Amino acid sequence: MSVFLLFVTLIVFLTCFYYVGKKRSLLMVNGDIRKLHSLPVHYGWAAGVNSFIPGFLVLSVWALFEGTILDHLLILNLGEKAAGLAPFELSNLLNNVKSFFVSDSPDETLRQYAQYYASTSERLAWSFFLAAIAASSLSGFFTLKKMKPDVNSRNNIENIIKFILMSFSIIAIVTTIGIVFSLLFESIRFFDQVSITEFVFGTKWSPQTAIRIDQVGSSGAFGAVPLFMGTMLITAIAMIIAGPIGLLSAVYMAEFSDKKVRKIAKPLLEILAGIPTVVYGFIAALVVAPFIRNTGELIGLEIASESALAAGIVMGVMIIPLISSLSDDVISVVPQSLREGSLGLGATQTETILKVILPSALPGIVGALLLATSRAIGETMIVVMAAGMAANLTVNPLEAVTTVTVQIVALLTGDQEFASAKTLSAFALGLALFVTTLALNAVALIIVRKYREQYD
Amino acid sequence: MTDIPENDVPLARVDWNSPEQSARLKKRYRTEKIFKSLAVLSLATAIAALMVVMVSIFTTGISGFTETRIELDVTLDANVVGDIANMSRPELETHIASINVNNILVRSLQAKFPDVTKRADVFALLRLFSVGAQSDIRKVILDDPTLVGQTVPISLLAGSDVDMLMKGNISREVEQADRKITDQQLAWVDQFNEEGKVEQGINWTFFTSGDSREPELAGIWSATVGSFLTLLVTFLISFPVGVGSAIYLEEFAPKNRFTDLIEININNLAAVPSIIFGLLGLAIFINFIELPRSAPLVGGLTLALMTLPTIIITARAAIKAVPPSIKEAAIGLGASHMQTVFHHVLPLSMPGILTGSIIGMAQALGETAPLLMIGMVAFIVDTPGGILEASTALPVQVYLWADSPERGFLEKTSAAIMVLLAFLIIMNGLAIWLRQKFEKKW
Numbered sequence: 001m002s003v004f005l006l007f008v009t010l011i012v013f014l015t016c017f018y019y020v021g022k023k024r025s026l027l028m029v030n031g032d033i034r035k036l037h038s039l040p041v042h043y044g045w046a047a048g049v050n051s052f053i054p055g056f057l058v059l060s061v062w063a064l065f066e067g068t069i070l071d072h073l074l075i076l077n078l079g080e081k082a083a084g085l086a087p088f089e090l091s092n093l094l095n096n097v098k099s100f101f102v103s104d105s106p107d108e109t110l111r112q113y114a115q116y117y118a119s120t121s122e123r124l125a126w127s128f129f130l131a132a133i134a135a136s137s138l139s140g141f142f143t144l145k146k147m148k149p150d151v152n153s154r155n156n157i158e159n160i161i162k163f164i165l166m167s168f169s170i171i172a173i174v175t176t177i178g179i180v181f182s183l184l185f186e187s188i189r190f191f192d193q194v195s196i197t198e199f200v201f202g203t204k205w206s207p208q209t210a211i212r213i214d215q216v217g218s219s220g221a222f223g224a225v226p227l228f229m230g231t232m233l234i235t236a237i238a239m240i241i242a243g244p245i246g247l248l249s250a251v252y253m254a255e256f257s258d259k260k261v262r263k264i265a266k267p268l269l270e271i272l273a274g275i276p277t278v279v280y281g282f283i284a285a286l287v288v289a290p291f292i293r294n295t296g297e298l299i300g301l302e303i304a305s306e307s308a309l310a311a312g313i314v315m316g317v318m319i320i321p322l323i324s325s326l327s328d329d330v331i332s333v334v335p336q337s338l339r340e341g342s343l344g345l346g347a348t349q350t351e352t353i354l355k356v357i358l359p360s361a362l363p364g365i366v367g368a369l370l371l372a373t374s375r376a377i378g379e380t381m382i383v384v385m386a387a388g389m390a391a392n393l394t395v396n397p398l399e400a401v402t403t404v405t406v407q408i409v410a411l412l413t414g415d416q417e418f419a420s421a422k423t424l425s426a427f428a429l430g431l432a433l434f435v436t437t438l439a440l441n442a443v444a445l446i447i448v449r450k451y452r453e454q455y456d
Numbered sequence: 001m002t003d004i005p006e007n008d009v010p011l012a013r014v015d016w017n018s019p020e021q022s023a024r025l026k027k028r029y030r031t032e033k034i035f036k037s038l039a040v041l042s043l044a045t046a047i048a049a050l051m052v053v054m055v056s057i058f059t060t061g062i063s064g065f066t067e068t069r070i071e072l073d074v075t076l077d078a079n080v081v082g083d084i085a086n087m088s089r090p091e092l093e094t095h096i097a098s099i100n101v102n103n104i105l106v107r108s109l110q111a112k113f114p115d116v117t118k119r120a121d122v123f124a125l126l127r128l129f130s131v132g133a134q135s136d137i138r139k140v141i142l143d144d145p146t147l148v149g150q151t152v153p154i155s156l157l158a159g160s161d162v163d164m165l166m167k168g169n170i171s172r173e174v175e176q177a178d179r180k181i182t183d184q185q186l187a188w189v190d191q192f193n194e195e196g197k198v199e200q201g202i203n204w205t206f207f208t209s210g211d212s213r214e215p216e217l218a219g220i221w222s223a224t225v226g227s228f229l230t231l232l233v234t235f236l237i238s239f240p241v242g243v244g245s246a247i248y249l250e251e252f253a254p255k256n257r258f259t260d261l262i263e264i265n266i267n268n269l270a271a272v273p274s275i276i277f278g279l280l281g282l283a284i285f286i287n288f289i290e291l292p293r294s295a296p297l298v299g300g301l302t303l304a305l306m307t308l309p310t311i312i313i314t315a316r317a318a319i320k321a322v323p324p325s326i327k328e329a330a331i332g333l334g335a336s337h338m339q340t341v342f343h344h345v346l347p348l349s350m351p352g353i354l355t356g357s358i359i360g361m362a363q364a365l366g367e368t369a370p371l372l373m374i375g376m377v378a379f380i381v382d383t384p385g386g387i388l389e390a391s392t393a394l395p396v397q398v399y400l401w402a403d404s405p406e407r408g409f410l411e412k413t414s415a416a417i418m419v420l421l422a423f424l425i426i427m428n429g430l431a432i433w434l435r436q437k438f439e440k441k442w
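Residue numbers (this note's numbering), protein chains in the order written: chain A, 1 to 456; chain B, 1 to 442.
Just so you know, not all the hints are guaranteed correct.
Which bits of chain B does chain A cover? Going by a derived footprint, with three or more residues having C-beta under 8 Å, they are [unchecked claim]:
1. 46-52
2. 372-378
Here are a few chain B residues that sit away from chain A, every Cβ distance over 10 Å (derived from the structure) [said to hold, decoys possible]:
3. Pro19
4. Glu20
5. Pro114
6. Pro153
7. Lys167
8. Arg172
9. Ala177
10. Thr182
11. Phe192
12. Val198
13. Leu236
14. Val322
15. Leu354
16. Ala390
17. Arg435
In case anyone wonders, no lab produced these hints; they're calculated from the structure.
These numbers were taken from a predicted model, which means no experiment stands behind them.
Ideal Cβ positions, reconstructed from N, Cα and C, are used throughout, including at glycine.
Please put together the full structure from these sequences, using the hints given.
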């Protein structure tokens, strides 16, 4: 909380220095603004920002390293007591000392350390607070002092803004690095416990590991093949449904329909795209799965109530708008001259579409289908709500299968022990998912981009 | 000159009227018809699917907005309520919270049905009413303490089973063993019904309360507040950062490998499955930085990273659409590049940027999977008061209720979905309105 307080203080400083700087710049030239190199606002900003940055740096150091510094001081103070301890015992001791309950603990020395900790952390907070304010005001005053009519304030401040804008755009890269590292780190920890070949080629998935050593029947098996198969099965069903329907809808809207139909149909498809996936999951479980099971009973088929078919069909409906809008884009990029040429030679509209337009739009359509596939592979809520939990290795769409995303959710919701193979396996699954979707996206984007350049 | 070489045989003239040719033409036209109807059929299927979704949500959800109440003559026994004549309002509130309202309810029920004496039967009778009926009685006492000692008709909230019966979701034809309401309870309800004491009204509780184990008391308010706080964090982070990076990439970035890398990165991030962002949030924000689990702050941060690519891509398109003539005019008048961007390009592209941001926010509002990862699936009754308190979000509430086995939660799920869709429609409508009202064609 005091970090927040310091931040507010720094903002107040910034505002003050801004106004003082603005005023001072005008005073320097006795109000004759033409003698200033930059606008008064720029001088104001320069003073404000220059006061803010050093303070903010101190604040960041505090926010990031407060815990580390305190731990270090505490260990120094604990001295001999900490010397012979294993790492986890040490962290246990530290946690004990830091906890508030310790102040009424019977252990005299522990109480002392707790007091030491409390007073040190308070002192540390104060010193950081003062340091930040000192740095901020010093830098601010220094800027005010150095202010002259010919100081190039505008360029300085603009360079700072440019730097801030650049660091914003780097956040996207940092996010990717964050994803890769967090997945990779936890996965490596997982592969320490379970061999990578078992994970990739094993056919048995039952992630319940034993809590006690003598426990029976929960050895834990981490063969992910059933999950990969389940994901592929459901994705395949979804693509079989969404591919033709999405593509043909796009063809109809782009080539056959008059403007009126298009004007109504396009927003409707956009609504379909905007429905949250949790709603699709609910529909799959509430409407589609019972419908399929009942139909199966009528014709004498036994269908699981969480069949892959139900989840696949609903997922297909979900990605129809994606495919149709992407294909609509690529079809409308095909030059009109190709259409006219084909029609002029006497081809029917269908022949034009099948033999001229679709082949020339093919790369874009393939890209759209790949993007849709990657979307289906990564889709979570529909399968969590409508697909099964048991890892069956089957290609029968009428049986229940589970998917990678279902297992990630199942492993990470509810109580969890962070270092166990069970929890870590979710990150290994996440890594597999990330790599697959990334590869599909990359290929799709390359294809689409290459194709666009052809006619542009 | 006019000699025709012998080997150059003139093309055979095709007789278009021959039977083979007209058959071929027929076939081509048939293909045309088939293909066209297939295309129409596809579009119709897609739209039909939308209709199925909407209709099934609407038909199951509309009854979630109503509740059943049973009017009962309740004797507010002065012995049970105690002496409340001289109490101040706060004292009265604490006192009323402590009185045994159940006792009052049981006695009033026994007065109405004198022949019900067995303990089990009394319980069955009591189960016609919701736990919330007790607070109905408390409220009546609180509103008018002078009523104590009298017998007043109070409209009491019915239990979920009676509610379902009145809405026709529990069939009377089913065997008693398969039904959640016994024949005896049915008879009681019918008696109330014949006396005209059963009524249906708008379920305000649904809009004002948090989650509950009882379907008739469950509401979406705390989930809505949780969603709002999460979206607030998402917007405060992703909007400035997204617009800032769009400005940089579109206006200032030099064309080199590094900016190329950033671009490819953003396009790829836009297609990363949302659950991966959830894993990122779990690993970085919760396990590494140790922010509190289930908090809107963490949810907002995670969703901000997820919506960032959408905002950057749309903002870049909007900035690109501002004609260069405006920039050149500003620069020609002596403005710096930065001034040009912030004084002219940004305000002119704002409608487009806002449209994209609202659409990104709407996506974030409907997102569930990342929130499951960071633990926003808790059972939350209280309304979260800040971004560090445990909370849940609307789509997660939908997910939680959809998992509940009680029939009463089914209509609540659909009703919550209707509210969620209403929010999404409002947001998208706002985006479309902004686009049409402010966007200029240059």
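Check: Which numbered hints turn out to be false for this structure?
Finding: none
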